[in-house]
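Participant: In case you want the letters, here they are:
2 protein chains.
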Amino acid sequence: MKKALVILFDKVEEMEAVAPIDILRRARIDVTTASLEDGREVVGRSGIGFLADKKFNEIKGELFDAAILPGGPGIPDVAQHSEVGELLLAHDAAGKIVAAICAAPMILDISGVLRGRKCTAHTSVAADIENCDESKNVVEDGNVITSRGAGTATEFALAVLTRLAGAEAANDVAKSICFVR
Amino acid sequence: MKKALVILFDKVEEMEAVAPIDILRRARIDVTTASLEDGREVVGRSGIGFLADKKFNEIKGELFDAAILPGGPGIPDVAQHSEVGELLLAHDAAGKIVAAICAAPMILDISGVLRGRKCTAHTSVAADIENCDESKNVVEDGNVITSRGAGTATEFALAVLTRLAGAEAANDVAKSICFVR
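Those protein sequences? They're chains A and B, same order as listed.
If you count the first sequence from 1, position 157 lands on 158 in my numbering, and the numbers rise without skipping.
If you count the second sequence from 1, position 121 lands on 122 in my numbering, and the numbers rise without skipping.
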């Protein structure tokens, strides 16, 4: 069974967190959510409270088939946690999927995962990232998948699922949720 | 300030719950989430745990500008709670927005809110609902708004927001989340 990690934190964009968790679990990917906060509780940018499966420290050092970082106004705080960048770099070095959406591609940039790879991001941060084409909903360059924002979170999650489980599995989930690409 | 209610329950479809909460709160709609379970905790169909603002009993009898019912495999259990249908009927009688997505239009049908109004719903239940056109992502008939599933939840939430705050506010949110209609 393929394994994916979704990193959660205070002021995460809720749709960007929930779409990958939901869509990957629908295809029986083993998704672990991990909180960067002191406890397992996180509160999103729109005040929705989630309980993560684990604390980030508990999964540090583990390798997943995909490491996914949602965006939101909490991203500048995430940038202060160097262990997030280290985890993403370790996944990149191992050829695993590294996926980020909205403002989160900033963390890929800062941590050295991007290294000039093509990407997309939210318009609010796109100008600060090299080779970032904010007109694209989803960009894949090798094992790095990026996306624009909450309104593209479903497409982003389906792109990650396609890489983990194949196009047929992703199309089945897209159909079951009535998503037309 | 406009007020909206999002009803939460075990096995709710998480994207269908989160999209309206997030998108309406982005436009400063006062959103209350209310749990049908014994406590305020609910666990969605994909295992994501939420903490609702209130228990359903605490908001029973209140009128909101919009009452929103997400779908998911928990809907047959919701059908056992007659007070949900009563709340939706009361909102309909008062001319408030009544919105349901995925399997939730079944509850509008059972409770007598639909009464032959045009609607859409998830393909798994559409055949059981009169005047249901499952080819449409969102259908509005008077004050009743329905939608198809998790993959149309953003469009659904923006339709509700358009009715509560106007097209300009909805377009601003759509732009901020990079959603292209």
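For the record, the hints were derived by calculation from the structure and aren't laboratory data.
Hints are not guaranteed to be accurate.
Identical chains blur together in the list; that is why a pair holds if it fits in one copy or across any two.
Listed below are the simulated DSS-like cross-link pairs for lysine-lysine, each with C-alpha atoms no more than 25 Å apart in a straight line [said to hold, decoys possible]:
id	residue 1	residue 2
1	Lys-61	Lys-97
2	Lys-55	Lys-176
3	Lys-4	Lys-176
4	Lys-176	Lys-12
5	Lys-119	Lys-176
6	Lys-137	Lys-176
7	Lys-55	Lys-12
8	Lys-4	Lys-61
9	Lys-56	Lys-97
10	Lys-137	Lys-56
Participant: For each hint, tell me whether it holds in the structure or not.
Facilitator: Now for the hints, and whether the structure bears them out:
1. Taking the shortest alpha-carbon separations for Lys-61 and Lys-97, only the intra-copy value of 15 Å comes in at or below 25 Å, while the best inter-copy value is 49 Å.
2. Taking identical chains as interchangeable, the C-alpha atoms of Lys-55 and Lys-176 are never at most 25 Å apart, the minima being 31 Å within one chain and 33 Å between chains.
3. In this homomeric assembly, Lys-4 and Lys-176 come within 25 Å of each other (Cα to Cα) only inside a single copy, at 23 Å, whereas the closest approach across copies is 33 Å.
4. Proximity of Lys-176 to Lys-12 under the C-alpha cut-off of 25 Å is restricted to the inter-copy arrangement: shortest distance 19 Å between copies versus 31 Å within a copy.
5. Only between protomers do Lys-119 and Lys-176 lie at most 25 Å apart by alpha-carbon distance; the minimum there is 23 Å, versus 29 Å within a single protomer.
6. Both within a single protomer and between protomers do Lys-137 and Lys-176 lie at most 25 Å apart by alpha-carbon distance, with minima of 23 Å and 14 Å respectively.
7. Taking the closest pair of Cα atoms, Lys-55 and Lys-12 come within 25 Å of each other both inside a single copy (18 Å) and across two copies (21 Å).
8. Proximity of Lys-4 to Lys-61 under the C-alpha cut-off of 25 Å is restricted to the intra-copy arrangement: shortest distance 14 Å within a copy versus 42 Å between copies.
9. For a Cα distance limit of 25 Å, the shortest separation of Lys-56 from Lys-97 inside one copy, 21 Å, qualifies, whereas the shortest one across copies, 42 Å, does not.
10. For a Cα distance limit of 25 Å, the shortest separation of Lys-137 from Lys-56 qualifies neither inside one copy, at 33 Å, nor across copies, at 41 Å.
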